[in-house]
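As they're listed, the protein sequences go chains A, B and C. Residue numbers for the first sequence follow the working numbering, so the first one is 24 and each next one is one higher. Residue numbers for the second sequence follow the working numbering, so the first one is 208 and each next one is one higher. Residue numbers for the third sequence follow the working numbering, so the first one is 8 and each next one is one higher.
You may find that some hints are simply not true.
[As the list claims (entries may be wrong)] No farther apart than 20 Å at their CA atoms in a straight line, the calculated lysine-lysine pairs in the PhoX-like style are these:
#1 C:Lys247 <-> B:Lys263
#2 B:Lys601 <-> A:Lys276
#3 B:Lys462 <-> B:Lys351
#4 B:Lys275 <-> C:Lys143
#5 B:Lys458 <-> B:Lys504
#6 C:Lys205 <-> C:Lys175
#7 B:Lys458 <-> B:Lys263
#8 C:Lys143 <-> C:Lys175
#9 C:Lys205 <-> C:Lys247
[What the hints assert, rightly or not] Example chain C residues on the side facing chain A (calculated, C-beta under 8 Å, incomplete):
#10 Phe114
#11 Ala140
#12 Asp217
Derived from the structure by calculation, the hints contain no laboratory data. Since we're looking at a predicted model, the values are computed, not measured. A virtual CB, placed ideally from N, CA and C, is assigned to each residue, including glycine.
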Amino acid sequence: MNAQTLTYREALRAGIEQALEDDERVFLMGEDVGRYGGCYAVSKGLFDYYGEQRIIDTPLCESGFVGVGIGAAMGGLRPIIEVMTVNFSLLAMDQIVNSAATLRHMSGGQFNIPVVIRMACGAGRQLAAQHSHSWENFYAHIPGLKVLSPGTHTDARHMLGQALRDPDPVIIFEHVMLLNESGEVSEAPEADMESALVRRLGDDVTLITYGGSLHKALDAADKLAEINISAEVVDLRCLRPLDTDTFLSSVAKTHRAIIIDEGWKTCGLAGEISAIIMEQGFWSLDAPVKRVCTAEVPIPYPSHLEQAALPQAEQIVEMAQAIMEGR
Amino acid sequence: MDRESDHKELQMKEEDSVAEILGNDIVEDIIMPSLGADMTEGMLVEWLVKPGDPVKRGDVIAVIETQKGAIDMEVYHTGVISEILHEPIVTLPVGTVMARVTLTEPGERAKVTPLDSVTVTPLDSISLTHVETSTPLASPVVRKMAMDQRLDLTEVKGSGPLGAILLRDLSGSNIDRTNAIEVDDAINTKKAMRGAIASAMSKSKNEIPHFYQSLDIELGNALQWLKRTNEDRAPDQHILLLALLLKAAAKALMKYPDLNGFYQNNQFVHAEEIHIGNVISLRQGGLVVPAIHNVDKLSVDETMEAIRDISVRGRSGHLRSSELTDATITITNMGERGTDTVFGVIYPPQVAIIGFGKVRETPQLVDGDLVNSEVMSVCLSADHRVIDGMLGAKFLNALSKQLQKPELL
Amino acid sequence: MNQKLRIDRVHLINQLRQMLRIRRFEEKCTQLYAEEKIRGFLHLYIGEEAIAVGVMSVLSPEDQIVATYREHGHALARGLSMGSILAEMFGRTNGCSRGRGGSMHLFDKQMSFYGGNAIVAGGLPLAAGLAMANKKQDRDAVTVCFFGEGAVAEGEFHEAMNLAVLWKLPVLFVCENNGYAMGTALSLSESETNLARKASGYGMASSQVDGMNVVDVESATSSALELIKTTSQPYFMECKTYRFRGHSSFDGQLYREKEEIRQWEEKGPVIRLQNWLKENNHFNEDELDELETEIKAEIEAAIEFAEGGAWEDTGDLCKDVYSPTREGEPG
């Protein structure tokens, strides 16, 4: 398959461009997505080409414009709503949770909401406690929503198109630390959007992760190989619905699991995945399931503290060693 | 409130609300209304009407105190108050008939039909997995293997946290008590069972110097005793020959305890209790060998009951792990469909196995007369490291003697 | 005054019929609630009927309605069948939302009836979005969004007002000002109690209407729609009204005097139109009886329809959370 090298940001932009080309019902709406070029420059240049009818700058009113997007989707359009960062999405949570996620069910299946909401997430840029969150778990908690976390450049490029073809509301989390990274982008998606993928094969321990932590898990797997521990890496890709079969069959093979999740440990996604392994994969375990998550602290500003708070490859290696040694 | 009483209440209400028809009068119940999903009762504070008062639909007829304050209670019918059933101040559950109204406006009585029964999704039946409290710490996958393959983990040394047994601890020589085997439908479990039988039997034949002795034992008395005993019993209460064989073996073992125990660390350890393992072949293939505990202390009836119990549980896969691991000697009984003799392979670390052939009729000379006799060949396989031929012979003869006096077993 | 407005006798009797249908239906609902046939919350529209009836009578089938949790009147006036509404309140599968929504969530795609939204002010951005879709797809429809005066305090109200004017969205915002947000009087929650004036802060045309007068509401709606269509701008209509019943079925009404209720009841929309018709000899008692009989029969039929509805099988519990197939992909 032909592949080209793009930054994650360029891959996202290419996805948006293709969506705008493919379907005239599609438009992009959000704070400073147009003239400014997007807070993280994802939509840079699109306004000049597509104009204000399709690249719509909104006032600072997350609940308002997300609600408008939901209404527009009900009215037959295919909006891509950009919420600048996940933190601000809390202001739109009412519309996402109380409208987008419920309307189909509440109306007995009469109305569906084909809206896509993109939001930047994650820590690592010293943006401190209000701009560094990982709240995938909030949205993955809600029946009626679908939640995607593209951790590779190919997924960044193609998941938007897959999400727009879905008749139900889809939230896409784009990790800010990936934006400048370059990587290969395939011409076609690697799988349908709801499937998890094994990114690296291994026998001894399964590293389950997604989004911004995927490359950390892959780094850790490289390091583990040097000390003869063979780690398998599962990229969840879709956080709701979860593709449980993929990680359960991996754990059935390796008998050990470590979940790497940039969210806080308490009440987080890692706990959910661990619980699924307990319920459905318990008898294949040879060691307790472990979690590498963000420390229980609002993300601090200084770089060394921020890095200390976040999951790191070294922690994954240390934890894998510990369970392999039966410590 | 549970569903049943809910339903009962609905039924009652239905009966209550069937208006009494007196002449042409239609009488309607006035009930304590449900004003909110969270309202279960209300306090009648005041009647604003008395019997004989005309009321029309929408009139406020009483005041009810609720947790949200006093609420005016309206009447849903037009008519004359015919009866007041409760006097203030009283707390009444929602649905209680408080008064009755005789309708003057005909017609508009609402039909009250009970709610369709709401089906409740049953909880998934909870599968209980029996785990012995004495089981050593082990990872889930090890426990699963131990259960499937009937591995005894008590002597495996664990290398995990707190000495927990991990997968790696199961490699080869660490397992020294491998018992066969319980069944499972799954093909891989079947394979595992076959593997476990193979390894236990190979170990036995590799390590144990077997010798075999056989004796034909006259069973006429025993069979007659069984016939008599079973005559008055329901078929499911019948005693089978196997119960007598087990009891006789136990008694003989009490006399010759050197056949009852384990060969471990190059020496014989005599077992204090007599737990007899019974080979049960499974319909799906493979074997289980559950033990009946303390056979010497059981009556014949109790022994029979124990046989029935382990047969049923053995074939349905519900044996306790202790039953599968703590036999001190084993018997194998081929029954009616078996062979004349069976030479068993000892189950390590036990030191003997007794094989019972099938009962056969043979002509025998008794006092010069040829008579029909019922005999069984009993074969002892014994570990020559522990047992010699003389002991074996004494044991078999003791066994035979026991079976001649079944009433004493 | 708009030329399209019809105040002939037949039309007025029809408006009375619509208001009476709502009134009698909801009166029956209180009884059915007391008998535990209807559960959850039950918010009655009694006293406010003139607004829904007045507005709906001007709309065309392609116009869209976004309503609140006090929407039985809007649904009836829009044309949803009484049976499907009551079945919904009974939680049966023949309800207009297949029983999944209940009293607060009446939906009907055929009628362009977009709920039944029970988050105060939550429907305003949705209405703006529907209007955006109409505009982008060159549809002539207007989106009509009903909400109570309590919504005016919410951020979503202000966000939606701003966006609607900013993007010139064809929305008719109908504020049903009944004076109380649950039990809190308007004067206790708003610094500016003239709500129409709030709209002007966003540059939105607005008016205040006597919400107890169906003719006034109809007339104002007609003018508003014309303005929306000619200027391609949203419009804000504040209808002053009063609910005669509690906020929901379980309300001690500790926050207002009985005398206040009585005074409003005297100028209620039904009694007012009824009296006017009689005084002007357009209407007599026999005709009124006929109307009542006809409505009573409709209610009886609705009860029968609702009672006859099936309960959803619990095996289908999780139905309609997600769509069964994806667009453009095989199912």
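Going down the list of hints, with the structure as the test:
{"no.": "1", "hint": "C:Lys247 <-> B:Lys263", "result": "30 Å, violated"}
{"no.": "2", "hint": "B:Lys601 <-> A:Lys276", "result": "55 Å, violated"}
{"no.": "3", "hint": "B:Lys462 <-> B:Lys351", "result": "40 Å, violated"}
{"no.": "4", "hint": "B:Lys275 <-> C:Lys143", "result": "49 Å, violated"}
{"no.": "5", "hint": "B:Lys458 <-> B:Lys504", "result": "10 Å, holds"}
{"no.": "6", "hint": "C:Lys205 <-> C:Lys175", "result": "17 Å, holds"}
{"no.": "7", "hint": "B:Lys458 <-> B:Lys263", "result": "94 Å, violated"}
{"no.": "8", "hint": "C:Lys143 <-> C:Lys175", "result": "11 Å, holds"}
{"no.": "9", "hint": "C:Lys205 <-> C:Lys247", "result": "15 Å, holds"}
{"no.": "10", "hint": "Phe114", "result": "4 Å, holds"}
{"no.": "11", "hint": "Ala140", "result": "3 Å, holds"}
{"no.": "12", "hint": "Asp217", "result": "30 Å, violated"}
The structure is inconsistent with the numbered hints 1, 2, 3, 4, 7 and 12, although it conforms to all the rest.
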